[in-house]
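Asks: Chains A and B supply the protein sequences, listed in that same order. Heads up, the first sequence is in full-length UniProt numbering, so the first residue is 1 and it goes up one at a time. Heads up, the second sequence is in full-length UniProt numbering, so the first residue is 1 and it goes up one at a time.
Treat the hints loosely; a few may be bogus.
[As the list claims (entries may be wrong)] Here are the in silico distance ranges between beta carbons for each label pair: (1) B:93 with A:147: 22 to 30 Å; (2) A:128 with B:3: 46 to 54 Å; (3) A:273 with B:94: 57 to 65 Å.
Please keep in mind that the hints were generated in silico from the structure rather than gathered at the bench. Note that the Cβ used here is the ideal one computed from N, Cα and C, for glycine as well.
Residue-level listing of the chains:
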Amino acid sequence: MGGFFQELAKVLAQRWVSLLALPGAFFIAAAWLAVSLGHSRAWDHALLVQRVNAATTTLTKLPVGLQVLGVVALLAAAAGVGLVVQALAGVTRRLWLGQWPHWLAAPLVRRRRARWHRLVAKRRRLEEDSPEPRAQVDHDRIDAAADRVNRMAMAEPGRPTWMGDRVHAVESVALHRGGLDLAFGWPRLWLLLPETTRTELGNAHAAFAAAVATGTWAVPYLLLGTSWWPAALMGVATGVTGWARARSAITDLSSLAEAAVDLHGRELAAALGVVDPEGSGPLTVAEGERATNLMRKGR
Amino acid sequence: MDVERAALTSLCREVDALREEARRHSLDREQLLDRILTEARSRRPVLGLLSRLLGADTDTTLRALGAGLPGMGPGRAREERFSCPDGACDRTEVPPPAGALPRCRVTGHPMRPV
Numbered sequence: 001m002g003g004f005f006q007e008l009a010k011v012l013a014q015r016w017v018s019l020l021a022l023p024g025a026f027f028i029a030a031a032w033l034a035v036s037l038g039h040s041r042a043w044d045h046a047l048l049v050q051r052v053n054a055a056t057t058t059l060t061k062l063p064v065g066l067q068v069l070g071v072v073a074l075l076a077a078a079a080g081v082g083l084v085v086q087a088l089a090g091v092t093r094r095l096w097l098g099q100w101p102h103w104l105a106a107p108l109v110r111r112r113r114a115r116w117h118r119l120v121a122k123r124r125r126l127e128e129d130s131p132e133p134r135a136q137v138d139h140d141r142i143d144a145a146a147d148r149v150n151r152m153a154m155a156e157p158g159r160p161t162w163m164g165d166r167v168h169a170v171e172s173v174a175l176h177r178g179g180l181d182l183a184f185g186w187p188r189l190w191l192l193l194p195e196t197t198r199t200e201l202g203n204a205h206a207a208f209a210a211a212v213a214t215g216t217w218a219v220p221y222l223l224l225g226t227s228w229w230p231a232a233l234m235g236v237a238t239g240v241t242g243w244a245r246a247r248s249a250i251t252d253l254s255s256l257a258e259a260a261v262d263l264h265g266r267e268l269a270a271a272l273g274v275v276d277p278e279g280s281g282p283l284t285v286a287e288g289e290r291a292t293n294l295m296r297k298g299r
Numbered sequence: 001m002d003v004e005r006a007a008l009t010s011l012c013r014e015v016d017a018l019r020e021e022a023r024r025h026s027l028d029r030e031q032l033l034d035r036i037l038t039e040a041r042s043r044r045p046v047l048g049l050l051s052r053l054l055g056a057d058t059d060t061t062l063r064a065l066g067a068g069l070p071g072m073g074p075g076r077a078r079e080e081r082f083s084c085p086d087g088a089c090d091r092t093e094v095p096p097p098a099g100a101l102p103r104c105r106v107t108g109h110p111m112r113p114v
């Protein structure tokens, strides 16, 4: 048991350093640069060296006790900034996943939906213009048109952002093709999923959470950019990196979630007693709807 | 299983997809793939070079080779068409991709895939 707690303490310490203290310390350093240099002398190396020398001289003249206290204060400040940014990560997550107030989301959803339907119509026209059997070149054209539709959204858009629509598509497909309402079905399905599937989903979700955390660090750097412009550049770079990683992670997460519903939806219906556990074949909409009725209980 | 052997197996299976993907990126990437194939033909290690090609560590490379690349292209689009549930009329419907299944407006029953 002692070994377990030692290991746990080590893991927690590593996470503390990587998630809070290290990025926080970088930010404190950037804040010090901002205060020392300001906008007008943002790249003044001579001034920077002068300020570093002055700070070092002041620090070395302090008694050891005060130096230790300074390091502790610095670590606490770094962790404090990290905690604030972690708290803000929830806002980034909602923003990226399109969980916006209705009045703000509705016009964008309408626009995304219209664009998606235009792309679908283009694909349909290509299909109608070249009936089966088709030449390879026609197949390629249709495949490319279908890919443009799928790259925009995997089902009819319902959220104002690309990432939000990735998640929305999983819910929409489960409801329209399997009759399952994942708002109530997902926790029950999760309990039935094999350990390997849960691990893969957990890893994809952890990658998304890490990307959201990275993207959120853009906020303090952008704020710092008001007094030292290079910090704004750092903010933009951090934000774009986090956003790009989040898009990739949400693609993995939504693909895995849809696969889990496809592969284990029947098990869920069987566990709820809606279908025969010995039965086979895809879950029908009627069966899924009966399972949903049981799960929602009139709610 | 020997990781180099696993990498060579995946490379052999997915070389066409890799070539297609490399063509979409840059000349450097195509040249790197050519180099990988030269090394593979001479039966020399390729895992390190594959990691460079895919921009990943060696463990991720093995996973990506086995899972990611074949699904990276657009795939073959599938058309869906539905007809009357019991064939009593000639109505057909093409729902939007991954959209709700069409129903007969007279009986309310789900239409049948053609």
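Asks: So, for every hint listed, does it hold in this structure?
Replies: To see whether the hints hold, each was checked on the structure:
1. For the pair residue 93 (chain B) and residue 147 (chain A), the beta carbons lie near 24 Å from each other, so the given range of 22 to 30 Å is met.
2. Distance hint for residue 128 (chain A) and residue 3 (chain B): a CB-CB separation of about 49 Å, consistent with the stated range 46 to 54 Å.
3. Here the CB-CB span from residue 273 (chain A) to residue 94 (chain B) is close to 35 Å, at odds with the stated 57 to 65 Å.
Taken one by one, the earlier hints fail for this structure only at number 3.
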